[in-house]
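With the hints as a guide, bring the two chains together.
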Amino acid sequence: MKALSKINSRFVPLSAENVDTDQIIPARFLKATTRDGFGKNLFRDWRYEQDDETKPKLDFILNQPEYSGEILVAGKNFGCGSSREHAAWAIVDYGFKAVVSSFFADIFKNNALNNGLLPVTVSDNFLQTIFSLSNSSTLSIDIEEQTITIDQTNQTEKFELNPYKKTCLLNGYDDIDFLLSRRTAIENFEKELA
Amino acid sequence: MGKTLFDKIWDKHVVEKIENGPSVLYIDTHFIHEVTSPQAFKGIEKRGLKVFRPKQTIATADHNVPTLNQHLPIKDALSRMQVEALIENCNNHGIELYGLGHPYQGIVHVIGPELGITQPGMTIVCGDSHTSTHGAFGTVAFGIGTSEVEMVFASQCVLQTKPKTMRINIEGNLQKGVVSKDIILYIISKISASGATGYFVEYAGSTIRGLSMEARMTICNMSIEMGARGGMIAPDETTFNYLKGRAFAPAGEKWEQKKKEWETLYSDEDAAFDEELFIDAAAIQPMITYGTNPGLGIAITARIPVTDTIPDEGERKNIIKALEYMGLQSGKSLIGMPVQHVFIGSCTNSRIEDLRSVAALIKGKKKNDSVQVMIVPGSQQVAQQVKEEGLDIIFSEAGFVIRQAGCSACLGMNEDKIPAGEYCISTSNRNFEGRQGAGARTLLASPLTAAAAAITGVVTDVREII
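Sequences listed follow chains A and B, in order. All the letters of the first sequence, read from the start, carry residue numbers 1 to 194 under our numbering. All the letters of the second sequence, read from the start, carry residue numbers 1 to 466 under our numbering.
No lab work stands behind these hints: they were computed from the structure. No residue lacks a Cβ here, since even glycine has one placed at the ideal position from N, Cα and C. Some hints here could point you the wrong way.
Unchecked claim - Here chain B is said to cover these stretches of chain A; the calculated rule only asks that three of the stretch's residues, wherever they fall, bring their Cβ under 8 Å from a Cβ of chain B: (1) 17 to 25; (2) 28 to 41; (3) 61 to 74; (4) 154 to 167; (5) 182 to 188.
Said to hold, decoys possible - With a straight-line Cα cutoff of 27 Å, these simulated BS3-like cross-link-like pairs (lysine-lysine) come out: (6) B:190 to B:162; (7) A:55 to B:17; (8) B:366 to A:166; (9) B:176 to B:365; (10) A:166 to B:164; (11) A:40 to B:75; (12) B:17 to A:158; (13) A:97 to B:46; (14) B:42 to B:75; (15) B:176 to B:8; (16) B:244 to B:258; (17) A:40 to B:332; (18) B:332 to B:8; (19) B:260 to B:3; (20) A:191 to B:317; (21) A:158 to A:2; (22) A:6 to A:57; (23) B:244 to B:387; (24) A:191 to B:260; (25) B:332 to B:317; (26) B:12 to A:191; (27) B:46 to A:2; (28) A:191 to B:258; (29) A:97 to B:42; (30) B:3 to A:191; (31) A:57 to B:8; (32) B:17 to A:166; (33) A:57 to A:2; (34) B:8 to A:191; (35) B:260 to B:244; (36) B:387 to A:191; (37) B:317 to B:190; (38) B:321 to A:40; (39) A:55 to B:321; (40) B:46 to A:166.
Same shape as in the complex, but just chain B (with noise of 0.2 Å):
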């Protein structure tokens, strides 16, 4: 019998199999960022132990950082520290550090991809979750805790028990003003934020194969939120055409060699996956979340459930119990509720084809005076090109403020917050209660959607202004 995409490359990272128990798994890349790995570095440290591989680990500085004045010293201590005890920390071992002030600085998830770090048939870790934005190179890659850090850290191993696989195929024409942030949205929304638990996702079909390589990043990324251990997407010539002449990609006489490599992770025809589902893309129309998990999601001209009619008892407590942390209603539509902040950034939906899409839909427009919107790209690079295509000035016209690269009000750990009791629509992944600050509530959507809101003050269907 054949084998998955994800067989072929988890087995030719096996080191060793325990008996009854978890695998080695040999790691090729693994990305540390400021906030998961002091407390490993401080472990191996304790063992007297320096970094097994640091050529194969990379730094950046993300979730903490300032999105203003990264040029100043960081004013809050604690981050402040935290950036300086990575900077620290990669000086000792030897490990290469994009930090703040580095043209290559950026969100994790959107450096590796871009600088040509992240390749086909690998396997990559981070102590983040959102790593699984990597498969969708065709790579084995999934977020780790601080104590696994500290395995890769001393041995460039995991141990992992390997995990079922699923298969999601979406297959069709995506309607107009539907983006691959939809297609993920809409794909939670069905199978719960739980739906995946335990498997390891491979999206497939000619939707999939019809998005660009940054759409299909957004699509893998958020595989966690339906608690997949990690999702992929097998390398193609978008993924080759992508990756050719980046910084960190092979050239010459190894690129053929690589790419010939490459072409042969696929699926094979007879392969068995555990669990597999079937998605008609025309199906799919903007989407928005309403509650506080990912799953909870609704099309944007859809109502929101109505709670008495829910069968299971645990899920309409959930239900009830998000929507009043939310302000909404049970049966009612969100169209036209005034929102105050609109966030674009994020691992999920910051990288220039984002921006483009954002700067096309408003361009000669004007912000609603009611809303903030706060523009973060992922990366120096990103934020380079915006400025080389003048989306910048497209932005400043319409009143959007554009900051520096980072996490940022995705997670709220630097002083990018909202407000408590204030809606946010974001294009990020999570919409946790305080996820973006404490009280804040967060209506998870695409770019479009966002910026649609952004010109208009209130939830938009952005079918109705393109």
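Chain A on its own, in the form it takes in the complex (with noise of 0.2 Å):
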């Protein structure tokens, strides 16, 4: 995993609730054995008539050039629904390090951190003040500080972050290679259970 800490970007706002994995990437794309490629399939129903990419459906958001940018802010509750981790990985084949919501599903907000795709929590109020912004805003996200900073007007919210997830992020590590260095616990663990 790429170590990430700082991102100063534009963004795209999706301003629907409940935005769910089946919306993210359909059931249909989920037939490939590797991690790579899905980004051309993101929210294909929804970006694309007839799942034809030579119509894209003009009033959705990634299909409006004015729009862009590493941060992808979205409606409350957003990745419910399927475990899916296909989901994680479009988003950030499609090139975005931070999703900011008021709400994430539990097990997105897991499948995003361990692909180095940062979930911001900020209030009802932050979100809608970002959703509010002129297309030209920009926002930073600082992970060491924990903050997140409307850079135009310098508003600035504190987020959330798990302390072993940080450092996780801010070093690249994964949780594989901690898992692996508790292998002989485990087996304490396991020789006690039996």
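Okay, here's the thing in structure tokens:
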């Protein structure tokens, strides 16, 4: 996993609430056996008419070139539904480094963190403020300080991040390395359990 | 102070708690399937590792398999490759696979319980959000992502932050025509699709105690649809009677010993929950959803909410968007609305009791000409039982099509899809946009309500025909 400490970027606002992982990546694209290439099918059925890449739905935010950036901003309960990690892979593969919302579904949040995609939980008010910004506005996210700032107004908010996960993100560590380092403890635990 | 059922099982499985971080949680049983495992196998192989505890890993092929002609090679090349990758991975790592053609094959959350692999007090994970189903046996069971599947492959552990606990107490008798699917759709409609996020839920109360194991599984199955990490029910005589004699259940002296352990698995009287809800079973009616998340459900005789009167702007917008997708109108009743498809299946409602209840309702009747009805048994064993009990004859005479076991039209990964714009009353768990096929419109309901619509061709209050 790549280390991540700061993100400064414009953002893509997707105000819909309860965005489920079936919308993020529809099931028919889960037939792959690798983690790559899911970005082109991100929000596939919201992006294109009749599953046709030559017919973009112009009212969908990813098809509006005036919006771009490394930060996706979404309505509450983002990532609900299926546990498919393909949803996090698709968002990362598309080029996002963080998702900002007022509420994340649990499994999605874990999946995002395990792929170096930062879920940033902000207050409802802060989220609405971001949605009201112009498309040229930028956001700064500082993982060390656990802050998100609207650069044009300097409005800032702290966000929660588990200290262990923070260390992982800042250093690019992954959980498997950690668990492998605990194998002896796990084997001892198994003996006690038996 | 006493402990909750959840705490008893969780605490027993913590190998180590990282300071200011998650716990290293030991996993007793890891179920895997073809869709969310291949990248995890690649991951550990890249690290030069073998699966750490292959004997605690059980595989099946379910999400992406055809439900017709399973003895023939899978036609879709990508699906075939995925199923073949599972076979190869299981061979390479010494994992038991109940793949296509095996008498134990089926939907992972149907086969675990029916084989007696799922046992009280266990920790169980699977790369599938409906792993909460196994909680019906008093297990801590939850869905994980593929990176976490890889963690379990590498160490038989996952790193997890301990969730908060919620108890939902349901007391009293159910009305005629109301079944466990209605209970869970009712709860989700009350607390919303995110109402239990961050919690592990225990279902309790006299109504729950009175339910069969299969009915309990339906409730625990849909815990994730209100955001919960998982759902569970304390094991009791119903649980022990269900388990006894199953293929992988303990037997003889071992059974007695295990049963003693299992009898200690309940929430102590003075255990404290972070949240507690009380529900009157008598208030629950047959339920149906009208929107595009499982929280958007109503009693079948009720009207869709009038969108103008919804105070919260976000929710109002959501429902307007959902109704637009569904082609439904604010303030209207669904009763009498034509449906084109009925799907009876999925890890929520594809077990033998579900199919028996459908058969009892439709025996001697014919499906309406305007509707196509598909029954997909949850496993090869359920399919076999359907034949042994002669239910297949009742279904065929009614014009229902019976398929082979798999996840099928619940998620539309294989060719079993609902065409765009058409309505399907489905016994599955999700009514998300495009879930059953691009543009498909899903109405979630119980097997009884689905069967009623199969006969009449329209949304029907099942109480009027039983």
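Hints, verified against the model:
A count of 5 residues in the segment 17 to 25 of chain A with a Cβ less than 8 Å from any Cβ of chain B is obtained; the coverage claim is therefore met, three being the minimum. Coverage of the segment 28 to 41 of chain A by chain B holds. Counting CB-CB distances below 8 Å, 7 residues qualify, and the rule asks for three or more. A count of 0 residues in the segment 61 to 74 of chain A with a Cβ less than 8 Å from any Cβ of chain B is obtained; the coverage claim is therefore unmet, three being the minimum. Here the segment 154 to 167 of chain A counts 4 residues with a CB under 8 Å from a CB of chain B, which clears the bar of 3, and the coverage holds.
With 4 residues having a beta carbon nearer than 8 Å to a beta carbon of chain B, the segment 182 to 188 of chain A meets the requirement of three or more and the stated coverage holds. Among the hinted pairs, residue 190 of chain B with residue 162 of chain B is consistent with the structure: their alpha-carbon atoms are about 25 Å apart, no more than 27 Å. For the hint linking residue 55 of chain A to residue 17 of chain B, the alpha-carbon distance of about 51 Å lies beyond 27 Å, and the restraint is violated. Under the criterion of a C-alpha separation no larger than 27 Å, the hint pairing residue 366 of chain B with residue 166 of chain A is inconsistent with the structure, at around 60 Å.
Between the alpha carbons of residue 176 of chain B and residue 365 of chain B the distance comes to roughly 20 Å, so the proposed pair stays at or under 27 Å and holds. For a cut-off of 27 Å, the pair hint linking residue 166 of chain A to residue 164 of chain B stands: about 21 Å separates their Cα positions. Under the criterion of a C-alpha separation no larger than 27 Å, the hint pairing residue 40 of chain A with residue 75 of chain B is consistent with the structure, at around 25 Å. Pair hint residue 17 of chain B plus residue 158 of chain A holds up; C-alpha atoms about 26 Å apart against a cutoff of 27 Å.
As the CA atoms of residue 97 of chain A and residue 46 of chain B are separated by approximately 24 Å, the hinted pair is consistent with the 27 Å bound. With a C-alpha separation of about 25 Å, the suggested pairing of residue 42 of chain B with residue 75 of chain B holds against the 27 Å cut-off. Taking the CA atoms of residue 176 of chain B and residue 8 of chain B, the gap is near 36 Å; set against the 27 Å cutoff, the hint is violated. For the proposed pair residue 244 of chain B and residue 258 of chain B, the alpha carbon gap of about 11 Å is at most 27 Å, so the pair holds.
Note on residue 40 of chain A and residue 332 of chain B: the hinted pairing is violated, with a Cα-Cα distance of about 39 Å set against a maximum of 27 Å. Between residue 332 of chain B and residue 8 of chain B the alpha-carbon distance is near 47 Å, which puts this suggested pair outside the 27 Å criterion. Note on residue 260 of chain B and residue 3 of chain B: the hinted pairing holds, with a Cα-Cα distance of about 18 Å set against a maximum of 27 Å. A threshold of 27 Å between alpha carbons decides the hint, and for residue 191 of chain A with residue 317 of chain B the separation of about 55 Å lies outside it, so the pair is violated.
Between residue 158 of chain A and residue 2 of chain A, the direct Cα distance comes to roughly 23 Å. Compliance with the 27 Å bound is thereby established for this hinted pair. For the hint linking residue 6 of chain A to residue 57 of chain A, the alpha-carbon distance of about 32 Å lies beyond 27 Å, and the restraint is violated. Distance hint between residue 244 of chain B and residue 387 of chain B is fulfilled; the C-alpha atoms sit about 23 Å from each other, no more than 27 Å. Distance restraint check for residue 191 of chain A and residue 260 of chain B: the Cα-Cα separation of roughly 21 Å lies within the 27 Å cut-off, and the hinted pair is therefore satisfied.
At roughly 18 Å between alpha-carbon atoms, residue 332 of chain B and residue 317 of chain B fall within 27 Å of each other, so this suggested pair holds. For the suggested pair residue 12 of chain B and residue 191 of chain A, the alpha carbons sit about 13 Å apart, so the restraint of at most 27 Å is met. Taking the CA atoms of residue 46 of chain B and residue 2 of chain A, the gap is about 17 Å. The hint holds against a cut of 27 Å. Note on residue 191 of chain A and residue 258 of chain B: the hinted pairing holds, with a Cα-Cα distance of about 18 Å set against a maximum of 27 Å.
Note on residue 97 of chain A and residue 42 of chain B: the hinted pairing holds, with a Cα-Cα distance of about 24 Å set against a maximum of 27 Å. For the hint linking residue 3 of chain B to residue 191 of chain A, the alpha-carbon distance of about 25 Å falls within 27 Å, and the restraint holds. At most 27 Å may separate the alpha-carbon atoms for a hinted pair to count; residue 57 of chain A and residue 8 of chain B exceed this at roughly 51 Å. Proposed proximity of residue 17 of chain B and residue 166 of chain A is supported: the alpha carbons are some 16 Å apart, at most 27 Å.
Between the alpha carbons of residue 57 of chain A and residue 2 of chain A the distance comes to roughly 33 Å, so the proposed pair goes past 27 Å and is violated. Distance hint between residue 8 of chain B and residue 191 of chain A is fulfilled; the C-alpha atoms sit about 19 Å from each other, no more than 27 Å. For the hint pairing residue 260 of chain B with residue 244 of chain B, the CA-to-CA distance comes to about 14 Å; that is within 27 Å, so the pair holds. For the proposed pair residue 387 of chain B and residue 191 of chain A, the alpha carbon gap of about 45 Å is over 27 Å, so the pair is violated.
Of the pairs offered as hints, the one joining residue 317 of chain B and residue 190 of chain B holds, with about 19 Å between alpha carbons and a cut-off of 27 Å not exceeded. About 25 Å separates the Cα atoms of residue 321 of chain B and residue 40 of chain A, which keeps this hinted pair within 27 Å; it holds. Pair hint residue 55 of chain A plus residue 321 of chain B holds up; C-alpha atoms about 21 Å apart against a cutoff of 27 Å. A threshold of 27 Å between alpha carbons decides the hint, and for residue 46 of chain B with residue 166 of chain A the separation of about 25 Å falls inside it, so the pair holds.
Going through the hint list in order, the structure does not satisfy hints 3, 7, 8, 15, 17, 18, 20, 22, 31, 33, 36.
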